[in-house]
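Taken in order, these protein sequences are the chains called A and B. If you use numbering that gives the first Met the number 0, the first sequence corresponds to residues 0 to 272, in order. If you use numbering that gives the first Met the number 0, the second sequence corresponds to residues 0 to 367, in order.
Be aware that one or more of the hints could be misleading.
Unchecked claim - Cut-off 27 Å, straight-line C-alpha distance, at most; resulting in silico cross-link-like pairs (DSS-like, lysine-lysine):
no., chain 1, residue 1, chain 2, residue 2
1, B, K107, A, K197
2, B, K135, A, K197
3, B, K135, A, K87
The set of hints was computed from the structure by calculation and includes no laboratory data.
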Amino acid sequence: MKNRSLALSAIYIWLFAFALIPIALTVAASFLSSSTSELITLPFTLSNYQSLFSPLLLHILLRSLGLALVTTFFCLALAYPFSYFMVKSKHQSLMLLFIIIPFWTSSLIRTYALIAILKFNGLLNTALLKLHIISSPITFLYTNFAVISGLVYTLFPFMVLPLFTNMERFDFRLIEAARDLGASRRQTFWRIFLPSTKPGILSGVMMVFLPAMTLFYIPQILGGARSILIGNLIQNQFLVAGDWPQGAATSIFLTFILLIFMVMYRKPWSKQS
Amino acid sequence: MTRIKPLVEITNLKKSFGSNTILKDINLSVYPGEFLTLLGPSGCGKTTLLRLISGFETATDGQILLDGHCVSQLPPQQRDIHTVFQTYALFPHLNVYENVAFALRCQKLPEDEIKTRAHEALTQVQLTGFDKRDTKQLSGGQQQRVAIARAIVNRPKVLLLDEPLSSLDYRLRKNMQSELKHLQKELNMTFIFVTHDQEEALSMSDRIAVFNHGHIEQIGTPREVYETPESLFVAGFIGEANIFDLEITKADAKSACTVIEDKEMCCNNTGNFKAGDKIHMIIRPEDIRVWSPSEVKDKDTQVMLPATISEITYKGKTVDLSVTLASGRVIYASEFFDEDDGDLDYELGEQVFVEWYSGWEVLLPYEK
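Taking the hints into account, I'd like the entire structure generated from these sequences.
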């Protein structure tokens, strides 16, 4: 009992020191002013939030949301059947290993490696040309396609792992029970398998959607200067413009939007259990 | 029975997985409204036969007719047959009502018809008012009822039950046995029931098919398989049996005689045995009478075998005895407390005589 309360208080201290205080500091900073000599300074102001309501930010936000949604969609569309076959496969642990191995290399380096594939005279174009699918190289790099490819590639494991864990627990005898009761393959999938794997889908979507909004280096490397997303904007405000209060305000605003999404996702889930 | 057209007709059905033959040459007819039990030890192929009927396995050879139509190649969802699974396999994300309504929803029936029929099925299994319950909150017996309601709601031609009572405790199992039997009569539905519990099979079935090593040893009413087993396996699997390996000494059309414990004994020649044939003689423990020497008047004329009591087990309504015959052979006898024989105070080591009424034994040709 004593050990447990000790562990619990350790967790609370950790959360307090590394989650609550930084958030509180960010919130505080977002209401302060910037100056050239110091990072943040008085007086208190609401101007950082007022400047958020600009058409430019709205545009960036919508674009980020759109890209994150598309990324999440493709991750789910690829990872769902992939996880299913992984659960059904005899070589499960091997497949799992292949999912995990790329994690041992820095994600940044892997993103740079994607350039080698996507660039004008890169692997993809060479292959397509050799196969006579295209007659002249296509510009992949610095397009939305490159950004989405990069995001999907990086975030794919985060979709597979929760789905796999969920499907692994699925009782496949339920499939037989459904078929026995007259359900077609399609009905069995929509009425039994999909609803049973919903918790896996939801956590997978959360694990992919949230990082897809904020991973700034992938759009920066693969999307070039044209592809400013909300993550890049915050990074620019902090590190390029040196306007910490403005960066803090944008961060808080983004956190708030993501919180709304989380609440929306949680609702149908908690109703079930 | 034979004039009625069978509802399920299985002919020369074979099933093997690779070189491993699970079922060989199964021939079985199930009649409308019948309660048929597939009885056998685990691994005898009875569950495989059930899966062939429901469509989860495809037969290696032979065919299955349902109501005159060949269903051997049809997938499970196109067969008018539903199953109550051993593990119930209730859908965990659906409540009781939705579990029961599942089969109806798959047919896209109108909502009010689904409601009427689902409620009817829930009433039939005595689960009225459980609609909104989560299946995980139900007891084992209640989950069992949901599984049954879910399978009968669609009024299948045949209901398959795969050891549905095996995970219930003794008392609940007894209750469910009689409830299932009543339900079957009430619905007038054909039930094919799989069990390894011979007592369950005897008390519930119209007919029993006894399985062993992938083939049917005997099909008959509970009384037939119990009283006139056609093989040593059936005799040993259903109930207790004392089995003597003997040789026919003389025989004619009517009677066959043999020597048991140095005494000649003649019985009805049920199997057209000839002198010199080797046979098994089977006597049920409850058919054996145990007398104290004072109760026996003429021990030389009747076949009275002298014996010593070696074990006494008091069972409530019976006393089960192990008695050692003069040859050292041990046989089992169950004595009932009844008015004819009030004196059941046996003692270990007591000298007794055992006998059975001629005609109560079963003679079978010798099996290796």
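Taking the hints in turn, this is what the structure says about them:
1. About 23 Å separates the Cα atoms of B/K107 and A/K197, which keeps this hinted pair within 27 Å; it holds.
2. A threshold of 27 Å between alpha carbons decides the hint, and for B/K135 with A/K197 the separation of about 18 Å falls inside it, so the pair holds.
3. Of the pairs offered as hints, the one joining B/K135 and A/K87 holds, with about 26 Å between alpha carbons and a cut-off of 27 Å not exceeded.
The structure meets every hint from the earlier list without exception.
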